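Student: Sequence:
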Amino acid sequence: MNTKIIITSLFIYLSFSIKAQENKFKDSGVLEIGTRSTISTFGGNGNVGTGFGGQFRLSLGKRLNTEWFADYFTEDINGLANRNDAHIGWSVMFYPLKREQQLFTPYILAGHCFDYTKILLLNPSNEEPTVLVKERWSSATQIGIGTHINFSHNFNLSISSQYMIHLGNDIHTHSHQENGKEVIHFEDSHEDISLEGHLLFTISLNYKIAQLW
0 MNTKIIITSL FIYLSFSIKA QENKFKDSGV LEIGTRSTIS TFGGNGNVGT GFGGQFRLSL
60 GKRLNTEWFA DYFTEDINGL ANRNDAHIGW SVMFYPLKRE QQLFTPYILA GHCFDYTKIL
120 LLNPSNEEPT VLVKERWSSA TQIGIGTHIN FSHNFNLSIS SQYMIHLGND IHTHSHQENG
180 KEVIHFEDSH EDISLEGHLL FTISLNYKIA QLW
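Here the sequence shown stands for residues 0 to 212, where the numbers follow numbering that gives the first Met the number 0.
Simulated from the structure, these hints should not be mistaken for lab results.
Here the structure is a predicted model, which means the values were calculated and not measured.
Using N, Cα and C, we set each Cβ at its ideal position, and we do this for glycine too.
Don't take every hint at face value.
As the list claims (entries may be wrong) - For lysine to aspartate or glutamate, the following EDC-like pairs were computed, each having C-alpha atoms within a straight-line distance of at most 20 Å:
#, residue 1, residue 2
1, K25, E99
2, K61, D114
3, K117, E177
4, K133, D187
As the list claims (entries may be wrong) - Per label pair, the in silico range of CB-to-CB distance:
#, residue 1, residue 2, range
5, I158, K23, 21 to 31 Å
6, S138, D75, 20 to 30 Å
7, I32, Q100, 17 to 27 Å
8, L121, Q101, 43 to 53 Å
9, K180, F103, 43 to 53 Å
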């Protein structure tokens, strides 16, 4: 009960303190930089990848902002293989509500990125002929929703959820038992061009550093 009261009081205080501050930034031409942490559910294997990265934003007006980002992910595939992914791309952020400075600023985002994937088998199959490493380059589009939590006119925490669809050569692995031990191999039948989707959950800290125009 006391925790809820403290959290509620903190949000009320932040809301009023933001309104009381003087905003030196305009709606357009604002540059901000940030750091981000992302959780990703890759494909249908049920495993979760975690990543980190950075970004910068350049505002184009009261309703539009752009975000340019780079992320690096790692994922453990049941102790049998390691997956590494790198994303570099951009998104357009649309603000459906008026963008006056307030505690919460919700937005809709859509964008595009290029990505690199590498999977290394740690416990490969002996019965199924397989290579130890496979990698791919692909392109992706993403769409989602999020909100800024504005601690001041300069500083915000942003939370977003988006769905990303990759177009490229899909890499699939399959695990099975050999002599009582679980092993893994690549499935060549999934190497055709295909659509692969996954959910991304991102939290970032961002700071406005300049008014460019």
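Student: Work down the list of hints and note, for each, if the structure agrees.
Tutor: Status of each hint after checking the structure:
no.	hint	result
1	K25 with E99	11 Å, holds
2	K61 with D114	31 Å, violated
3	K117 with E177	25 Å, violated
4	K133 with D187	11 Å, holds
5	I158 with K23: 21 to 31 Å	25 Å, holds
6	S138 with D75: 20 to 30 Å	26 Å, holds
7	I32 with Q100: 17 to 27 Å	19 Å, holds
8	L121 with Q101: 43 to 53 Å	49 Å, holds
9	K180 with F103: 43 to 53 Å	51 Å, holds
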